[in-house]
Amino acid sequence: MHPRNTVQIFTLEDDPTYLKFLEYVFSLNPDLEYRSFKTGKDCLDHLHLKPAIITVDYTLPDMSGEEVLRKIKAFDPNIMVIIISAQENIGTAVQLLKLGAYDYITKDEETKSRLLNTINNARKNISLVNEINSLKQEITQKYQFNKSIIGNSPAMHHVYRMLEKAVKTNITVSITGETGTGKEVIAKAIHYNSDKKEKPFVAVNLAAIPKDLIESELFGHEKGAFTGAATRRIGKFEEAQEGTIFLDEIGEMELNLQAKLLRVIQERELTRIGGNAVVKLNVRIIVATHRDLAEEVKAGNFREDLYYRLLGLPIQLPALRERGHDILLIAKFLLNQFCKDNHMPAMVLSKTAQEKLLKYHYPGNVRELKSVIELSAVMADDQQIEPEDIHFNSVRKEGNFTLEELSLREYTFRIIRHFLEKHDNNVLLVAKKLQIGKSTIYRYLKEMEEEDYAEKATY
Amino acid sequence: MDDKLNDSLVAEDVDLTYLSSMCDGDKTFMRDMIVSFIDEIPLTLNSLSAQLNSKDWITLGKLVHKMKPAIQFIGLKRTYEVVRETEVNCKSERKLEKVPQDIAFIIYNIQSAIPVLQAKLDNDFK
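Protein chains in written order, with the working numbering: chain B, 1 to 459; chain S, 1 to 126.
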């Protein structure tokens, strides 16, 4: 309706001479499209025309400027209201600013320059708000299931079914999967496809925050709550108010903090550290971990009551090596993305390069595939990636141990070591996975220790 | 207005410096503003007299408040100060005995300014 760069301004002024002056000021900026009203009612009746800015004279014949301001804000809080008044009462100005007026300008020799400056600043604000809205829309589109999650494998079809269920309600979702399988991508996809998509998505990696700071980070603190708490700080839960909080690596949380988290989840309220005020929460919770939480409960590392609270809808993400030809679909997507981001011509993977990609075991999953693809795009001499351009640099080599010639005993050591690392040296679990007795594992561990294999294992 | 009062008053000079500074000397705009002032102000002056007679101080205070920018535009500085004082007195309902005299002063100066402005229109803003 309005050309892209014009801003529609309403001006509410009952003094015809002063109105003439305001119209003159607006006419100095060709980007402003203005419309004048002499009564509050007339102005309010035209709000459906969606002005970006309204200048309001404080003293009007049918209602006060304050009443007009309240009604405009009730109609649309984003409309910027500038009060222009011959009143020089600071108390009135403060009151109006508290009610949401964008600025308060007195009718004096500064009016013209202040009004133009204020409108200019308001326009910048409007453009920032528009930019934020467009970015929000872009993020929502980016995390549409068909754009953010790639794969046609049966394992992924199960994930899609779970996602569809997850977005229909606000049920807590627990995502498990190896590192690099895309747990955060899934969490974002749930959020941006749910009815909370306009509200914040706040991700917290519990493994990345020093233990002493986690409580304050999650629940916030009041000024002076502890040494160094110079100001009040809002925690991540409050930041996510009305939206979604994603607690990544929930399995790393200490037991005493688990009790506090349980209380917050049960009561749906929190108290900042050092504070008394209770903050009601309306936050959806999505958790993720690479650990087997059920096993952690059995081992006494995770509270059972919290486990059941958080379990909600469980989504198990398959490892990339279990996803067959998804590897190529994802590789092609990542390659296109990398070329686009780096202003490079489109590249392709040769058939033999594709075969090489399919044979690898990807202990780092999609995250690893991404770095492999990016490096291969850089290494390739032309627009086709060949096997020799692809370099696997995994720190965990167990998956391709067959490339080396070893004795059966050495293979066995490597397999056991791989499983112990994967399952945090949980001997019982590894024994179950490998379908061997735990005494067999202990025996191998002893032998490995003798051969310096078992540095990190706990018995 | 009281003839005695009239005799004791010396009409304040119109000064368009402020108006000119607000529009960088744009004569078309200045002309529009002066025409608007000459057209609109008599209605306000009539209302002032009416509200003074009915002693509706709050409405009178609002009326003089509304006049402030227009008086500033035509540069009646002393009148502007009297208008400000009258607004405060009326809204707080204090020194009300002074209000009739001040209103007379305001009306007299504005009425005196109208023919001066008209002459400026005819001579300087053709």
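Calculated directly from the structure, the hints in this document are not laboratory data. Mixed in with the good hints, there may be bad ones.
[To be verified] Below, computed lysine to aspartate or glutamate pairings styled on EDC-like, alpha-carbon distance capped at 16 Å:
(1) Lys68(S) with Glu215(B)
(2) Lys77(S) with Glu410(B)
(3) Lys91(S) with Glu267(B)
(4) Lys68(S) with Asp42(B)
(5) Lys38(B) with Glu40(S)
(6) Lys62(S) with Asp195(B)
(7) Lys20(B) with Asp102(S)
(8) Lys112(B) with Asp24(S)
(9) Lys77(S) with Asp102(S)
(10) Lys260(B) with Asp195(B)
(11) Lys332(B) with Glu355(B)
(12) Lys188(B) with Glu215(B)
(13) Lys168(B) with Asp195(B)
(14) Lys62(S) with Glu239(B)
(15) Lys340(B) with Glu374(B)
(16) Lys20(B) with Asp32(S)
(17) Lys98(B) with Asp62(B)
(18) Lys62(S) with Glu88(B)
(19) Lys446(B) with Glu388(B)
(20) Lys68(S) with Glu239(B)
(21) Lys280(B) with Glu239(B)
(22) Lys112(B) with Asp124(S)
(23) Lys68(S) with Glu164(B)
(24) Lys124(B) with Glu109(B)
(25) Lys77(S) with Glu164(B)
(26) Lys68(S) with Asp381(B)
[As the list claims (entries may be wrong)] To give an idea of the chain S side of the interface with chain B (calculated C-beta under 7 Å), a few residues:
(27) Gly25
(28) Met33
(29) Pro69
(30) Phe125
[Said to hold, decoys possible] Pairwise CB distance ranges, derived in the manner of DEER restraints:
(31) Val10(S) with Val129(B): 53 to 63 Å
(32) Leu47(B) with Ser47(S): 28 to 38 Å
(33) Leu96(S) with Lys223(B): 48 to 58 Å
Each residue gets a CB set at the ideal place from its N, CA and C atoms; glycine is no exception.
Now for the hints, and whether the structure bears them out:
Among the hinted pairs, Lys68(S) with Glu215(B) is inconsistent with the structure: their alpha-carbon atoms are about 58 Å apart, more than 16 Å. Simply put, Lys77(S) and Glu410(B) have alpha-carbon atoms about 102 Å apart, too far for the 16 Å limit, and the pair is violated. At roughly 53 Å between alpha-carbon atoms, Lys91(S) and Glu267(B) are farther apart than 16 Å, so this suggested pair is violated. As the CA atoms of Lys68(S) and Asp42(B) are separated by approximately 24 Å, the hinted pair breaks the 16 Å bound.
At roughly 14 Å between alpha-carbon atoms, Lys38(B) and Glu40(S) fall within 16 Å of each other, so this suggested pair holds. Restraint check for Lys62(S) and Asp195(B): the C-alpha separation of about 50 Å exceeds 16 Å, so the hint is violated. The suggested pairing of Lys20(B) with Asp102(S) is violated, with an alpha-carbon distance near 28 Å, which exceeds 16 Å. Note on Lys112(B) and Asp24(S): the hinted pairing holds, with a Cα-Cα distance of about 11 Å set against a maximum of 16 Å.
For the hint pairing Lys77(S) with Asp102(S), the CA-to-CA distance comes to about 14 Å; that is within 16 Å, so the pair holds. The hinted pair formed by Lys260(B) and Asp195(B) fails the criterion: a straight-line CA distance of about 28 Å is larger than 16 Å. Distance check on the hinted pair: Lys332(B) and Glu355(B) sit about 13 Å apart at the alpha-carbon level, within 16 Å; holds. In summary, the hint linking Lys188(B) to Glu215(B) is not supported, as the alpha carbons are separated by about 23 Å, beyond the 16 Å threshold.
Using a Cα cut-off of 16 Å, the hinted pair Lys168(B) and Asp195(B) holds, with the two alpha carbons roughly 8 Å apart. Taking the CA atoms of Lys62(S) and Glu239(B), the gap is about 46 Å. The hint is violated against a cut of 16 Å. Straight-line distance between C-alpha atoms of Lys340(B) and Glu374(B) comes to about 12 Å, which keeps the hinted pair within the 16 Å bound. At roughly 8 Å between alpha-carbon atoms, Lys20(B) and Asp32(S) fall within 16 Å of each other, so this suggested pair holds.
Pair hint Lys98(B) plus Asp62(B) does not hold up; C-alpha atoms about 23 Å apart against a cutoff of 16 Å. Distance hint between Lys62(S) and Glu88(B) is fulfilled; the C-alpha atoms sit about 14 Å from each other, no more than 16 Å. Note on Lys446(B) and Glu388(B): the hinted pairing is violated, with a Cα-Cα distance of about 40 Å set against a maximum of 16 Å. The suggested pairing of Lys68(S) with Glu239(B) is violated, with an alpha-carbon distance near 48 Å, which exceeds 16 Å.
About 12 Å separates the Cα atoms of Lys280(B) and Glu239(B), which keeps this hinted pair within 16 Å; it holds. Restraint check for Lys112(B) and Asp124(S): not satisfied, since their Cα atoms lie roughly 24 Å apart, outside the 16 Å limit. Restraint check: the Cα-Cα separation between Lys68(S) and Glu164(B) comes to about 65 Å, which exceeds 16 Å; the hinted pair is violated. Taking the CA atoms of Lys124(B) and Glu109(B), the gap is near 25 Å; set against the 16 Å cutoff, the hint is violated.
About 73 Å separates the Cα atoms of Lys77(S) and Glu164(B), which puts this hinted pair outside 16 Å; it is violated. The straight-line distance between the Cα atoms of Lys68(S) and Asp381(B) is roughly 78 Å, outside the 16 Å bound, and the hint therefore fails. The interface hint given for Gly25(S) is broken, as the beta carbon of that residue sits about 13 Å from the closest beta carbon of chain B, more than 7 Å. Checking Met33(S) against chain B by beta carbon gives a least distance of about 6 Å; that is within 7 Å, so the hint holds.
The interface hint given for Pro69(S) holds, since its Cβ lies 5 Å from the closest Cβ of chain B, which is under the 7 Å cut-off. Checking Phe125(S) against chain B: minimum C-beta separation of about 15 Å lies over 7 Å; hint violated. Against the hinted window of 53 to 63 Å, the Cβ-Cβ separation of Val10(S) and Val129(B) comes to about 56 Å, which satisfies the hint. Distance hint check for Leu47(B) and Ser47(S): the Cβ-Cβ separation is about 30 Å, which falls inside the suggested range of 28 to 38 Å.
Separation of Leu96(S) from Lys223(B) is about 51 Å and conforms to the stated range, judged on CB atoms against 48 to 58 Å.
Hints 1, 2, 3, 4, 6, 7, 10, 12, 14, 17, 19, 20, 22, 23, 24, 25, 26, 27, 30 from the list above are not met by this structure, while the remaining hints are.
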